[in-house]
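Whenever a hint applies, use it, and build me the whole structure from the sequences.
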Amino acid sequence: MVDHWESLSSQYEREDWSTKPSIFATEIHEYIPTGARILELGCGQGQDGLWFADEQNRFHVLATDISSSALENAQKRKAELEVDAIEFERLDLAELFRYPDEIFDMVYSHLGLHYFDKTVTERLFAEIYRVLKPRGVLAFLANSVNDPEYGTGIKIEDDYFETAGTKKRYFSASTALDFTKNFDVILCDEDGETYKDRKIGVHNLVRFVGRKK
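For the sequence shown, our numbering gives the first residue as 43, with consecutive numbering after it.
Watch out, some of these pointers could steer you wrong.
As the list claims (entries may be wrong) - In silico DSS-like links for lysine-lysine, alpha-carbon gap of 27 Å or less:
no. : residue 1 : residue 2
1   : K62       : K255
2   : K254      : K175
3   : K118      : K62
4   : K223      : K175
5   : K223      : K209
6   : K223      : K255
7   : K62       : K120
8   : K241      : K209
9   : K223      : K254
10  : K223      : K160
11  : K160      : K255
12  : K160      : K254
13  : K197      : K223
14  : K160      : K175
15  : K197      : K209
16  : K160      : K197
17  : K175      : K209
18  : K120      : K238
19  : K238      : K62
20  : K118      : K238
21  : K255      : K175
22  : K160      : K120
None of these hints come from the bench; they were simulated from the model.
Encoded structure:
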């Protein structure tokens, strides 16, 4: 998994979308508590976290990723943009978090939570719940069972396949709700999109926003 993301990092660095906030980030902005401390899971090139932490938004962000090269690129952009309210840190989402209980106002992930088997995914959502403050917000975008790649490769378990050097879980709105039973739902649908998707008229990614019960 680590080698897979290290190899993709240099490719993603050259994409035009890597320097602007994602569609999902702009869509869920209204749900972020004022002055929030945000934990970002799977920050990639750091574009969303840097936008959350800029002078206009003024959120405080701890942006994490498993790829060291992606984090290096994000650090460079932080210096170039002179954004102070963000820190970058390496984190393996398959492991327990090292953060204290109830420390973040929001946990955010753009296409970072769908790489694990059911056991690890359940533990990951439990960790998200643990580090969120009471009534804290979870917002994530995830792969969809409506993706053309769904069902390709080697099936490991329901909705989880190995293909092209990585393992992917495919969510539906229903399974997203199964993993987030301890959240009051604000938004849950299969209408999410990326800039790449928008160019070809596709919008089937799973969007979820909820508040910790």
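Going through the hints against the structure:
At roughly 32 Å between alpha-carbon atoms, K62 and K255 are farther apart than 27 Å, so this suggested pair is violated. Taken as a hint, the K254 and K175 pair is honoured in the structure, with Cα atoms around 8 Å apart against an allowance of 27 Å. Note on K118 and K62: the hinted pairing holds, with a Cα-Cα distance of about 15 Å set against a maximum of 27 Å. For the proposed pair K223 and K175, the alpha carbon gap of about 16 Å is at most 27 Å, so the pair holds.
Taking the CA atoms of K223 and K209, the gap is about 24 Å. The hint holds against a cut of 27 Å. Restraint check: the Cα-Cα separation between K223 and K255 comes to about 9 Å, which is no more than 27 Å; the hinted pair holds. A C-alpha spacing of about 13 Å is found between K62 and K120, which places the hinted pair at or below 27 Å, so the restraint holds. For the proposed pair K241 and K209, the alpha carbon gap of about 26 Å is at most 27 Å, so the pair holds.
With a C-alpha separation of about 9 Å, the suggested pairing of K223 with K254 holds against the 27 Å cut-off. Among the hinted pairs, K223 with K160 is consistent with the structure: their alpha-carbon atoms are about 15 Å apart, no more than 27 Å. Only pairs whose Cα atoms come within 27 Å are accepted, and K160 paired with K255 is accepted, the gap being roughly 22 Å. Of the pairs offered as hints, the one joining K160 and K254 holds, with about 21 Å between alpha carbons and a cut-off of 27 Å not exceeded.
With a CA separation close to 26 Å, the supplied pair K197 and K223 stays within the 27 Å bound. A hinted pair counts as satisfied when its Cα atoms are at most 27 Å apart, and K160 with K175 qualifies at roughly 25 Å. A threshold of 27 Å between alpha carbons decides the hint, and for K197 with K209 the separation of about 9 Å falls inside it, so the pair holds. Taking the CA atoms of K160 and K197, the gap is near 13 Å; set against the 27 Å cutoff, the hint holds.
Pair hint K175 plus K209 does not hold up; C-alpha atoms about 31 Å apart against a cutoff of 27 Å. Distance hint between K120 and K238 is fulfilled; the C-alpha atoms sit about 24 Å from each other, no more than 27 Å. Straight-line distance between C-alpha atoms of K238 and K62 comes to about 13 Å, which keeps the hinted pair within the 27 Å bound. As the CA atoms of K118 and K238 are separated by approximately 24 Å, the hinted pair is consistent with the 27 Å bound.
Simply put, K255 and K175 have alpha-carbon atoms about 10 Å apart, close enough for the 27 Å limit, and the pair holds. Using a Cα cut-off of 27 Å, the hinted pair K160 and K120 is violated, with the two alpha carbons roughly 35 Å apart.
Comparing the model with each numbered hint stated earlier shows that hints 1, 17, 22 do not hold.
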